[in-house]
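J.: Sequence:
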Amino acid sequence: MVSGDQLGLAVIIGLAVDFSILLLVQMMFTRIKGEKIGLKDLVRAPDGHYSLAYLQFFLWTFVVVFAFTTIYMLRVQLGEFVPPTDMPRNILILMGISVTTPVISKEVSKVKYGIGSEEKNDTGKHQHKFQEMFLEKGKPTLTRYQMFAWTVVSILIYLITLATMLGDPNLTTEELILPNIDPALVVLMGLSQGGYLGGKIVTAGAMKISEILPSAGTKGEEVSILGINFGDQKGIVDFGGKRIKDFEDNQWTNTRIDVKVPEDLKPAKYGVKVKFADRTSEAVEFGVKPKELEVK
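Numbering (this note's numbering), first residue to last: 7 to 302.
These are computed hints drawn from the structure, not numbers from a lab. Heads up, a few of these hints could be off.
Said to hold, decoys possible - Dumping the calculated EDC-like pairs for lysine to aspartate or glutamate here, alpha-carbon to alpha-carbon at most 20 Å:
| # | residue 1 | residue 2 |
| --- | --- | --- |
| 1 | K272 | E227 |
| 2 | K240 | D264 |
| 3 | K279 | D252 |
| 4 | K248 | E291 |
| 5 | K281 | D264 |
| 6 | K275 | E291 |
| 7 | K135 | E217 |
| 8 | K281 | E228 |
| 9 | K240 | E217 |
| 10 | K279 | E217 |
| 11 | K295 | E269 |
| 12 | K279 | E269 |
| 13 | K295 | E227 |
| 14 | K281 | E217 |
| 15 | K251 | D270 |
| 16 | K225 | D264 |
| 17 | K295 | E228 |
| 18 | K266 | E228 |
| 19 | K251 | D264 |
| 20 | K279 | D264 |
| 21 | K275 | E288 |
| 22 | K248 | E288 |
| 23 | K214 | E288 |
| 24 | K275 | E228 |
| 25 | K275 | E217 |
| 26 | K225 | D252 |
| 27 | K240 | E254 |
Stated by the list, open to error - FRET-style restraints, in silico, Cβ to Cβ:
| # | residue 1 | residue 2 | range |
| --- | --- | --- | --- |
| 28 | K275 | K42 | 32 to 40 Å |
| 29 | K135 | L29 | 23 to 31 Å |
| 30 | M101 | I242 | 45 to 53 Å |
| 31 | D270 | T36 | 42 to 50 Å |
| 32 | K251 | S221 | 18 to 26 Å |
Beta carbons: idealized from backbone N, C-alpha and C, even for Gly.
Use the sequences and the hints to build the structure in full.
T.: Listed below in structure tokens is the structure:
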């Protein structure tokens, strides 16, 4: 029989173990990358964008580790030092899905955006927003919201199931095992993640300029065009009708293009486009300022 004090201690230890693991992983990534890594950075894809696939993997791992540790600590307090060995089949299936989705998503992104290496394509972690994980081609998509919704609902239901089991005053040591998850939720999670991956595949090849830094400048000034799917091979930048196609190797990457404002443009606002093969991005406005207005 489990007492309230025993349950409270087990829950505290379970949370402590979970957060200790997070802290350890955070320290390891900080040491490897040579810069401070926050918790949100753990759900970034190699290209620097926040990933919904990584987020659901992170959440389910946290929940299952917490549940397993809490149950084991209760078993220890009841005199049973052998951890629960009966792993529910549906939990294994769900964890398999949560592991597989980020892997497939990463490979799809390689094809979709032409990603070659993390170092080459990362435009800086501070240039990406957390809510971008719900967007595809810059627009919200139902497949992503569906995947997020079913992930949250499934986790809440699982935690309620866990709490109900642990709250049973007649619970025995033999019954202290990981609770199973409803098969319907496993199916819904699988379908939602399949829809998420399908949405990434269908929208493959979209080229988009997210911003130009700075948004205005003078003739001859170098600016950075940031976005996605520019391609690893050099294309053309259409700068207000002026076609620029001569770039150094380090001036053109899949997510960033460094280019100088053409000298023969008059002060005005122009549309800037990126062209590669048969793809053309939508125009983003850039203002050319007269040189006499520069701040010295």
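J.: Now, for every hint given, state plainly whether the structure supports it.
T.: Outcome of the hint check:
1. Annotation: proposed proximity of K272 to E227 holds, straight-line Cα distance about 14 Å (limit 20 Å).
2. The hinted pair formed by K240 and D264 meets the criterion: a straight-line CA distance of about 12 Å does not exceed 20 Å.
3. Between K279 and D252 the alpha-carbon distance is near 15 Å, which keeps this suggested pair within the 20 Å criterion.
4. Distance hint between K248 and E291 is fulfilled; the C-alpha atoms sit about 14 Å from each other, no more than 20 Å.
5. With a C-alpha separation of about 14 Å, the suggested pairing of K281 with D264 holds against the 20 Å cut-off.
6. Between K275 and E291 the alpha-carbon distance is near 7 Å, which keeps this suggested pair within the 20 Å criterion.
7. Taking the CA atoms of K135 and E217, the gap is near 13 Å; set against the 20 Å cutoff, the hint holds.
8. For the proposed pair K281 and E228, the alpha carbon gap of about 19 Å is at most 20 Å, so the pair holds.
9. The hinted pair formed by K240 and E217 meets the criterion: a straight-line CA distance of about 19 Å does not exceed 20 Å.
10. Distance check on the hinted pair: K279 and E217 sit about 11 Å apart at the alpha-carbon level, within 20 Å; holds.
11. With a C-alpha separation of about 12 Å, the suggested pair K295 and E269 falls inside the 20 Å cut-off, and the hint holds.
12. For the hint linking K279 to E269, the alpha-carbon distance of about 18 Å falls within 20 Å, and the restraint holds.
13. A hinted pair counts as satisfied when its Cα atoms are at most 20 Å apart, and K295 with E227 qualifies at roughly 10 Å.
14. As the CA atoms of K281 and E217 are separated by approximately 16 Å, the hinted pair is consistent with the 20 Å bound.
15. At most 20 Å may separate the alpha-carbon atoms for a hinted pair to count; K251 and D270 meet this at roughly 16 Å.
16. With a C-alpha separation of about 14 Å, the suggested pairing of K225 with D264 holds against the 20 Å cut-off.
17. A distance of roughly 13 Å separates the Cα atoms of K295 and E228; the hinted pair therefore holds under the 20 Å criterion.
18. Between K266 and E228 the alpha-carbon distance is near 4 Å, which keeps this suggested pair within the 20 Å criterion.
19. Among the hinted pairs, K251 with D264 is consistent with the structure: their alpha-carbon atoms are about 12 Å apart, no more than 20 Å.
20. Note on K279 and D264: the hinted pairing holds, with a Cα-Cα distance of about 13 Å set against a maximum of 20 Å.
21. The straight-line distance between the Cα atoms of K275 and E288 is roughly 15 Å, inside the 20 Å bound, and the hint therefore holds.
22. The straight-line distance between the Cα atoms of K248 and E288 is roughly 16 Å, inside the 20 Å bound, and the hint therefore holds.
23. Using a Cα cut-off of 20 Å, the hinted pair K214 and E288 holds, with the two alpha carbons roughly 7 Å apart.
24. Restraint check for K275 and E228: the C-alpha separation of about 16 Å stays at or below 20 Å, so the hint holds.
25. Among the hinted pairs, K275 with E217 is consistent with the structure: their alpha-carbon atoms are about 15 Å apart, no more than 20 Å.
26. The straight-line distance between the Cα atoms of K225 and D252 is roughly 17 Å, inside the 20 Å bound, and the hint therefore holds.
27. For the given pair, K240 sits about 9 Å from E254 by alpha-carbon distance, which is consistent with the 20 Å threshold.
28. In this structure, K275 and K42 meet the distance hint of 32 to 40 Å, their C-beta atoms being roughly 39 Å apart.
29. As the Cβ distance of K135 to L29 is approximately 25 Å, the hint placing it in 23 to 31 Å holds.
30. Separated by about 46 Å at the C-beta atoms, M101 and I242 satisfy the suggested range of 45 to 53 Å.
31. Separation of D270 from T36 is about 48 Å and conforms to the stated range, judged on CB atoms against 42 to 50 Å.
32. Between K251 and S221 the beta carbon distance is about 23 Å. The supplied range of 18 to 26 Å therefore holds.
The structure shown violates none of the earlier numbered hints.
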